[in-house]
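Construct the entire structure; sequences and hints are all you get.
Below are the chains, spelled out letter by letter.
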Amino acid sequence: MQPLVESVFYWSDLFGTAVFAFSGVLVAGRLRMDGFGVIVLAAVTAIGGGTIRDLIIGAEQVFWTADTLYLWVILVTALLGQYIAQLPRRLPWYILPLADAFGLAIFTIIGTDKALSYGTSGMVAVVMGVITGVAGGMIRDVLAREVPMVLQREIYATACILGGVLYTCSLAIGITPLLATMLGMLGTFILRVAAIRWHLSLPAFSLNR
Amino acid sequence: MQPLVESVFYWSDLFGTAVFAFSGVLVAGRLRMDGFGVIVLAAVTAIGGGTIRDLIIGAEQVFWTADTLYLWVILVTALLGQYIAQLPRRLPWYILPLADAFGLAIFTIIGTDKALSYGTSGMVAVVMGVITGVAGGMIRDVLAREVPMVLQREIYATACILGGVLYTCSLAIGITPLLATMLGMLGTFILRVAAIRWHLSLPAFSLNR
Amino acid sequence: MQPLVESVFYWSDLFGTAVFAFSGVLVAGRLRMDGFGVIVLAAVTAIGGGTIRDLIIGAEQVFWTADTLYLWVILVTALLGQYIAQLPRRLPWYILPLADAFGLAIFTIIGTDKALSYGTSGMVAVVMGVITGVAGGMIRDVLAREVPMVLQREIYATACILGGVLYTCSLAIGITPLLATMLGMLGTFILRVAAIRWHLSLPAFSLNR
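Residue numbers (the working numbering), protein chains in the order written: chain W, 17 to 225; chain C, 17 to 225; chain P, 17 to 225.
Please keep in mind that the hints were generated in silico from the structure rather than gathered at the bench. Don't take each hint at face value.
No distinction is drawn between identical chains; accordingly, a pair holds when it is met within one copy or between any pair of copies.
Below are the SDA-like pairs computed for lysine to any residue, each with C-alpha atoms no more than 25 Å apart in a straight line [stated by the list, open to error]:
#1 Lys-130 to Trp-109
#2 Lys-130 to Ile-100
#3 Lys-130 to Trp-214
#4 Lys-130 to Leu-195
#5 Lys-130 to Gly-74
#6 Lys-130 to Arg-48
#7 Lys-130 to Leu-178
#8 Lys-130 to Asp-83
#9 Lys-130 to Val-163
Here the structure is a predicted model, which means the values were calculated and not measured.
Below, the structure is given as structure tokens:
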């Protein structure tokens with residue numbers, strides 16, 4: 017990709033990191049955690065998924081150990097986020113879900129793309145995109161002693177799967193990386209926003225025994 | 017080992033993967049998870065232990081990223097399993113525990129053997145066998161917000177330890193790999209089945225304070 | 017460092033391993049776990065943090081797979097610890113917290129130092145020191161189905177941060193490794209002991225919604 021596109025991508029990733037970190041801050045606040053707990057929940061939400069991905073694909077370095085800016089974004093989000101979350105004047109309710117959907121889209125494509133660059137099959141790459149998108153939130157929920165939201169509610173991970181499949185298939189049929197990225201991100205973003213807007217969810221599987 | 021033995025071993029491993037995945041499906045059903053949650057619980061149960069093992073011993077590749085068949089087995093089990101679990105006509109009650117004990121035996125020996133092939137000591141190899149056998153189920157239980165069953169109930173992990181020790185010691189005294197595998201698997205399988213049949217358990221350690 | 021210092025350091029590390037393992041034994045006892053559960057909780061508390069650190073920094077070997085003595089210390093602690101915990105005559109109450117603070121100090125410096133030796137930035141090294149010190153206890157608490165203590169109560173992880181920052185900065189300004197180690201360990205130890213003695217804690221962040 018061209019330098020400009022690379023740059024937009026990188027800053028979008030940092031933006032997604034901040035949004036995911038902020039969702040960790042909100043959970044920490046509900047559990048009355050201390051400052052360290054806020055940072056930990058922000059960090060696992062924001063970089064937990066990417067860390068697991070990097071370990072499994074055997075990346076040379078876990079991404080945030082090579083580029084400290086991710087940690088700084090988390091730290092600043094954890095500190096500022098505590099005040100922002102308590103402000104009386106609020107943003108419109110849809111801002112945070114939209115930002116989260118955008119973060120989910122970029123995390124998914126970055127994860128899928130990184131796995132492909134390490135030579136995995138398309139199927140494994142899609143799984144890595146999903147892990148990048150949702151595993152951090154799952155660890156956050158486990159630390160907060162909740163059944164991970166993503167396993168029970170609205171379409172969330174499914175949006176990652178759609179985006180990852182769109183991206184991988186687009187590349188496979190020879191579409192340019194930039195267009196494939198657009199398609200993949202749009203797939204994840206639109207399905208996620210639609211799920212929020214119309215409360216779409218997968219049918220629950222229930223064994224009453 | 018000869019090609020035929022290798023082949024039997026490989027298909028047994030896939031069978032164990034399906035059985036472990038199905039146990040994840042059952043837990044997901046009790047928690048009313050959606051389709052994605054079913055797949056995640058099936059996957060962590062089936063390949064969680066082997067993944068942790070491969071990361072810790074520093075395997076060149078995590079096994080399921082190199083051979084996509086494991087993911088397909090999990091996906092098919094997660095989809096078919098939801099229907100099988102709801103069928104009115106049931107298999108005899110002992111089929112699933114027997115299949116699970118077989119899966120535990122094969123996972124244990126595969127984990128112990130892989131660790132040894134990476135040059136670990138016998139003790140570390142036994143630990144890796146145990147991790148391969150039980151860690152996936154522990155993650156499943158944590159995601160389901162339960163204290164992992166394996167830490168509290170019936171003899172389960174102890175059967176892995178027995179099998180791993182039998183296998184490692186057999187190799188150490190010069191028994192052929194095939195026979196050592198048989199001994200190790202039988203050790204795990206028989207102790208586990210006996211524990212189910214006669215409700216054997218280790219004494220609980222209780223601090224009432 | 018000189019051989020004598022190396023040796024003192026190594027045995028201190030094993031002592032910290034035993035103390036952390038014992039804290040796992042106590043939690044297992046409250047949950048009425050069986051013998052295997054006691055060993056697992058002892059092990060994850062004692063070596064869980066160092067394992068995550070070694071995976072993330074990409075150490076050639078996870079430390080306890082290269083030196084089996086750690087596993088033996090855990091095994092012996094898990095077995096003896098069950099009896100010690102039930103003895104009617106008790107040690108003075110402050111012995112265990114002091115030992116734990118010492119273990120925290122040594123784990124923090126070892127983790128920070130190991131990360132630096134793999135070429136990480138100072139900030140990442142401090143994070144690795146914190147992970148080495150507290151991640152094992154967090155896994156223990158998650159397995160015990162509790163919100164990790166370290167996220168909510170008294171100053172604990174903050175003591176790791178202080179020690180890691182002192183150590184890293186000392187090295188950066190040219191202080192000898194031995195003195196930097198002393199400073200770092202003292203920083204962690206004293207802040208932790210002070211937190212216990214005067215019940216110091218960070219303010220909780222609470223969102224009442």
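Each hint tested on the structure:
When the C-alpha separation of Lys-130 and Trp-109 is checked against a cutoff of 25 Å, the pair qualifies neither within a copy, at 33 Å, nor between copies, at 45 Å. Taking CA atoms no more than 25 Å apart as the test, Lys-130 paired with Ile-100 passes in neither setting, with 33 Å inside one copy and 37 Å between copies. Taking the closest pair of Cα atoms, Lys-130 and Trp-214 never come within 25 Å of each other, the shortest separation being 32 Å inside a single copy and 49 Å across copies. Taking CA atoms no more than 25 Å apart as the test, Lys-130 paired with Leu-195 passes inside one copy only; the shortest distance there is 17 Å, against 42 Å between copies.
Taking the closest pair of Cα atoms, Lys-130 and Gly-74 come within 25 Å of each other both inside a single copy (11 Å) and across two copies (18 Å). For the homomeric pair Lys-130 and Arg-48, neither the shortest alpha-carbon distance inside one copy (36 Å) nor that between copies (33 Å) is at most 25 Å. Within a single copy, Lys-130 and Leu-178 get their C-alpha atoms as close as 17 Å, which meets the 25 Å cut-off; across copies the closest is 35 Å, which misses it. When the C-alpha separation of Lys-130 and Asp-83 is checked against a cutoff of 25 Å, the pair qualifies both within a copy, at 16 Å, and between copies, at 18 Å.
Proximity of Lys-130 to Val-163 under the C-alpha cut-off of 25 Å is found in neither arrangement, the shortest distances being 29 Å within a copy and 33 Å between copies.
The structure shown violates the earlier hints numbered 1, 2, 3, 6, 9.
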